[in-house]
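Undergrad: Could you build all of it, start to finish, from the sequences and the hints given here?
Those protein sequences? They're chains A and B, same order as listed. For the first sequence, the positions run 1 to 168 when the working numbering is used. For the second sequence, the positions run 1001 to 1302 when the working numbering is used.
Hints may contain errors.
[As the list claims (entries may be wrong)] In silico lysine to aspartate or glutamate, EDC-like type, Cα no more than 16 Å apart, as pairs:
#1 A:LYS156 - B:ASP1011
#2 B:LYS1150 - B:ASP1133
#3 B:LYS1289 - B:ASP1261
#4 A:LYS156 - B:GLU1010
#5 A:LYS156 - B:ASP1008
Worth flagging that the hints you see were computed from the coordinates, not collected in a lab.
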Amino acid sequence: MGADAAHGGGDVGAFLASFRADLVALAYVLTGSQHDAQDVVHTVIVRLLRTDFTRVGDPRAYCRRAVINECASWGRRRVRSARTVKALEAEWNRVLSSQPDPFGRVEVMSALRSLSQRQRTAVVLRYYLDWNDDQIAEALKCAPATVRSLLSRGLKRLRAELEGEDRR
Amino acid sequence: MTRNIGTDLEDRLRGALREVAAHAAERASSTASSTEQRISAGQGRPGASRQKRRFVVAAVAAAACLMVLGPWGVRMLADLPGDSMSDSASGGSASEYRVADGYRGVGALGLIFEVPESWSDGDVACDGSPRSDTVVFGSGALCRVLNPPKVSSLRILPTGDQVAASAVAAARASEVVDVGGVRVRVSPVQQLEDGAWTFSVLDEHDDLGDLVVIATSQDKGVVDRIRNTLREVPAGWVVVPDLRLATVDDGSARLRDMGLDVSVRDQDAPGHKPGSIVSTDPLMGSVVKHGSTVTINRAVRE
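TA: In structure tokens form, the structure reads like this:
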């Protein structure tokens, strides 16, 4: 059961259920919050249940784009105040710091939050999903050149943040 | 691909993102079984834990609503038939949980907090501080009030709220206690610098997105009473969630998921987007019996 089932008009519910964890993971790296991620995916899945997947070329990509879009609107709806960021940091630190951390993921995720929504989305799509400029541009509804600019500025900012972390 | 930055950073990004994503997927999978059953069944709507999370999310963002709802909401409350703890016999549409005479129950964290019946709902200044003796869901500071009045309050706030930091810390430092099967951390009653007395309650598994309940008063007796009358929400009773940021369809579905009947009433609501939920009757936080009818007040014009 999976994309083929959904694509062939089979059991959409089973496909979405099997793909849910992947979607939560994507939403997680985009929002930085397990709760937000699960809410985003829940919202998306409810909507996708009404989708005619026979008209969708790539159901997995379609679902991922739906999550990306929902994360963007989620970010706009929720005013992320400093106190929320603090709480998110506390969550990351508590959950992740107890495990081996060869990549410095706590610092990386903290640095990611310093980026704008679009920069963060571009970085995540490039380095988590390995999407190319054209794919990211399609998801963000912008030109590939804009994607390159977002990535360049995002990485520059990330490097500065991480170097600052390392110095601390 | 543009490579004007060290590949070590790119490798680090890839590694970190995949690790946290794997972690998120693992956590999602651990809670997936019931959700998947619902999705597979075409329901797509998880149960109580989902409702709690959505309720919490709504509470976090409640500031703007409180600001808009404030004066109008208070006026609307005054317009409701009967008092805030009314049952079907006295004009309300839901059977609400009865506590001691002169008091009403406010549900949060699976517990019932008894507060004086005279306390208002959501009467806050722009910084989220209570203006009168009141019950507050969410603070959402949008300004600063230099000399907040010394009033009593029961505030239900997200644990990440800055104004809740000391209360959260106090509760976290307290032992877990079992209140009728509900395991929570309840801080002792302590005196603040301004002389007010307070105590706070956190869920045992205090996690991001959870709520902290803070009772505060200049009168220690008021705080002591709230603390001493804490009890669990009994089986067969549920707490009306905060639906102010939900759509009418979503809000109705959530209430039905909780075993409640729903009616929708259109109201003029200046400042509210037509079609949005202005409030519920009974109000959020009310403890009502399964099968009760909760009325969603829907804005019909701005």
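Undergrad: Now tell me, hint by hint, if it's right for this structure.
TA: Here is how each hint holds up against the structure:
1. A:LYS156 - B:ASP1011: 15 Å, holds
2. B:LYS1150 - B:ASP1133: 9 Å, holds
3. B:LYS1289 - B:ASP1261: 11 Å, holds
4. A:LYS156 - B:GLU1010: 11 Å, holds
5. A:LYS156 - B:ASP1008: 13 Å, holds
The structure is consistent with each of the numbered hints, conforming to all of them.
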